[in-house]
Amino acid sequence: MYHKEKSIQIKSSASALYNNLSVLRIAPRCLTYFTVVHANVVNMVSASWDGLNYSHRQLQSKEGNVATSSSLIMQAAWCVLPSRDLLVLTSQKGIQMYESDGSIMVYWHALDTPETPTAQAVFARGIAAVREKYICVGTSTGSVLVFDVPAKGSNITLSEVLEEHKEPITDMASECSGSLECIADLVSADDSGLLCVWKSGEDFQLLNKIPGFDVSCSSVKLWKGTVAAGYGTGQIRLYEGVTGILYAEVNAHARWIYSLDIAPFTGLLSLPVIVQLLSAAEDSLVRVWHLSLTPETNSVEIEHMYNECVTDTQICGAKFCDGDGYAFAVTGYDLSEIIRYTQA
Amino acid sequence: MSSRTLPLLFINLGGEMLYILDQRLRAQNIPADKAKKVMNDIITTMFNKKFLEELFKPQELYSKKALRTVFDRLAHASIMRLNQASMDKLYDLMTMAFKYQVLLCPRPKDILLVSFNHMDAIKDFVRDTPSILSQVDETYRQLIEIYTPLSAGEFQLIRQTLLIFFQDMHIRVSIFLKDKVQNSNGRFVLPTSGPVPCGTQIPGLIRMFSCTGEEVKRAQFRNGGNYTSALREGSFEMFGERVIKLGTNMYSVSRPVETHMSGTSKNSAQHTKVNTAPNPLAKEELNLLAKLMGGLEVQRPSNTDSGFRVNLFATDEEEEEALISRPEEFSYEVINIQATKDKQASAELQKIMGEFQEAGEPAPSSSSKGDDLLAMMDGL
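So the protein lines, in turn, are chains A and B.
Residues in the first sequence are numbered from 1 upward in steps of one, following the numbering used here.
Residues in the second sequence are numbered from 345 upward in steps of one, following the numbering used here.
These aren't lab readings, by the way, just hints derived from the structure by calculation.
Keep in mind that the hints are not guaranteed to be accurate.
What the hints assert, rightly or not - Per the computed footprint, the stretches of chain A lying under chain B, defined by three or more beta-carbons under 8 Å from a beta-carbon of chain B, are:
hint, stretch
1, 9–19
2, 199–213
3, 250–261
4, 288–302
5, 307–321
Claimed, not checked - Distance ranges between label pairs, derived from CB positions:
hint, chain 1, residue 1, chain 2, residue 2, range
6, A, SER270, B, SER573, 35 to 41 Å
7, A, SER83, B, ILE490, 47 to 53 Å
8, A, GLN9, B, ASP472, 52 to 58 Å
9, B, LYS522, A, GLN9, 39 to 45 Å
10, B, GLY584, A, GLY244, 56 to 62 Å
11, B, SER475, A, THR311, 45 to 51 Å
12, A, ALA151, B, CYS555, 40 to 46 Å
13, B, ARG562, A, ASP148, 32 to 38 Å
What the hints assert, rightly or not - Dumping the calculated DSSO-like pairs for lysine-lysine here, alpha-carbon to alpha-carbon at most 30 Å:
hint, chain 1, residue 1, chain 2, residue 2
14, A, LYS4, B, LYS524
15, B, LYS524, A, LYS6
16, B, LYS408, B, LYS394
These numbers come from a predicted model, not from an experiment.
Built from N, CA and C at the ideal position, the CB exists for glycine as well.
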């Protein structure tokens with residue numbers, strides 16, 4: 001179903017962090033950007049679609065006068081808004097936002113870091129662009145920071161802090177189908193496995209809380225109101241976001257899941273509508289699934305399609321390279337390359 | 345990241361160090377009483393109350409340099425001497441072993457079981473010495489108190505912090521290569537078979553539900569591996585079967601310890617470049633190290649003739665050769681106190697380090713190997 005393509009070399013290896021790969025497709029320039037986090041550095045590589053040109057850039061988390069072990073970066077992800085794309089970095093010290101090519105930092109938000117370290121770690125993690133103008137970022141206290149982003153310029157402001165989670169946020173996702181009919185705009189997940197489903201606006205509204213089972217949810221996606229959640233036990237669960245109804249439970253992986261992704265435009269013309277789901281874990285396996293939404297029963301089914309084993313690698317990031325799931329890319333701990341697969 | 349990582353890093357690396365030294369002491373036929381003294385001295389120093397108090401405080405991980413310095417001092421806490429090449433090799437083995445254990449842990453929480461395996465072995469080394477035994481027991485209690493309440497997510501954060509510390513280390517270890525747990529490129533083998541972790545189901549089952557919660561459909565898929573059910577959970581108490589084998593002693597007299605320096609990835613050099621802070625050692629780290637050293641009480645040998653040298657290599661010639669041929673990017677930079685810019689902190693640290701200078705410590709370019717052997721024999 002998929003075959004391996006030529007890998008992209010990166011300047012330093014990927015660190016073992018959840019969702020450690022972000023992909024931005026820039027159609028007008030026939031380029032795709034990739035970011036991979038290595039400790040306190042973000043490796044950015046832009047790859048031309050003809051496979052001939054690669055250019056690299058490295059961003060460091062330079063905040064304040066950190067003389068010692070500089071702030072480790074927890075996650076880097078592109079936020080695609082109608083008017084602009086921003087690259088967001090979350091670290092132990094705070095949140096940085098850059099223009100999409102990483103050239104200029106447009107905003108910096110510092111976290112409250114105590115003078116002397118406390119037992120509870122301090123960091124930001126979990127990044128999502130929501131609707132036209134919000135970027136939401138999670139923190140280790142469980143707070144979700146909502147930033148209001150203007151169409152251009154650096155006048156980004158913190159508009160709201162959502163306090164529902166009590167455990168560190170692990171991941172966040174916004175509705176990816178592009179459909180305006182969906183009520184739920186954002187889902188946030190934390191270390192206890194709790195999922196919160198939100199509607200965006202001047203004031204974000206909590207639509208539902210789906211409890212965890214003291215099992216950390218490390219990666220989450222939202223498609224047509226369906227929450228796909230990956231857990232530390234290797235399970236994937238599909239929930240109806242607003243009602244909390246469990247659609248499906250999959251014993252998907254033998255180790256902690258590190259990354260989920262959905263290609264929202266896979267099979268738009270088919271009935272029932274099918275999208276591809278990608279899951280990747282510490283067990284070295286990447287799996288491709290089909291999610292199908294049956295309008296009559298209003299239920300979502302999941303079917304396993306394909307396995308890819310990345311030998312001797314604990315995978316930490318896996319993303320589709322495009323909205324229709326034709327290709328996907330994978331990163332692994334200690335690997336200095338982005339491995340790519342395309343459909344045969 | 346996690347501020348709870350350092351104690352686990354220290355105890356597990358210390359445990360590996362003791363396994364290796366124990367094996368070398370026996371391989372070199374060091375007399376039992378001397379060998380025991382070395383092990384007891386090192387363990388006493390490792391579990392020194394003030395030292396552990398500092399260690400267990402919530403804090404960021406030390407830099408590789410700082411940690412290497414701590415272990416240098418620890419290895420020399422007794423009458424045993426190690427040359428630079430042997431110390432380098434010892435540290436390589438310790439770090440690759442613990443990296444392996446962290447990577448292969450089925451669940452992040454199992455790192456605690458690995459730590460208990462090391463603690464159990466340490467306890468066994470000092471079972472005849474009640475005073476040290478009580479220090480070790482106290483440490484067990486602290487570990488249990490601090491770590492057993494942590495959630496799986498917090499353990500994963502600890503694990504991720506450790507993996508960042510070990511990033512890009514691919515030193516090949518002979519025992520690992522022989523046992524086929526490490527490839528010739530230095531990367532560890534991650535099997536897609538064997539028991540799944542506690543709390544995880546064997547992959548393969550899909551269950552789908554109606555809106556009333558009833559299961560309406562089941563499907564199976566091929567998981568691409570060869571998994572079996574989880575084993576029972578190991579004990580997180582002071583005693584008990586740990587079940588996990590990671591962290592138990594893999595060395596014995598007949599399995600020598602060798603490392604290979606060649607053929608590792610280019611990126612390790614780049615990695616060192618990226619992670620080097622502008623100052624050789626930042627002020628905060630110096631302060632920390634000073635506090636730590638202040639807690640380290642080193643045994644002064646009453647009689648320098650009882651001192652002896654341990655070699656991590658098969659012969660002295662090999663040891664010399666290893667020192668000369670060690671690639672640049674693998675040099676561990678031990679902290680050079682004089683070179684630091686912060687005068688006050690460095691002065692304090694020098695004072696403390698000064699207290700550790702044993703009387704009659706041989707100069708670096710010291711006696712020939714023949715003299716060492718003679719000194720050893722005199723002590724018998």
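What are the numbers of the hints that this structure violates, sorted from low to high?
2, 9, 10 and 13
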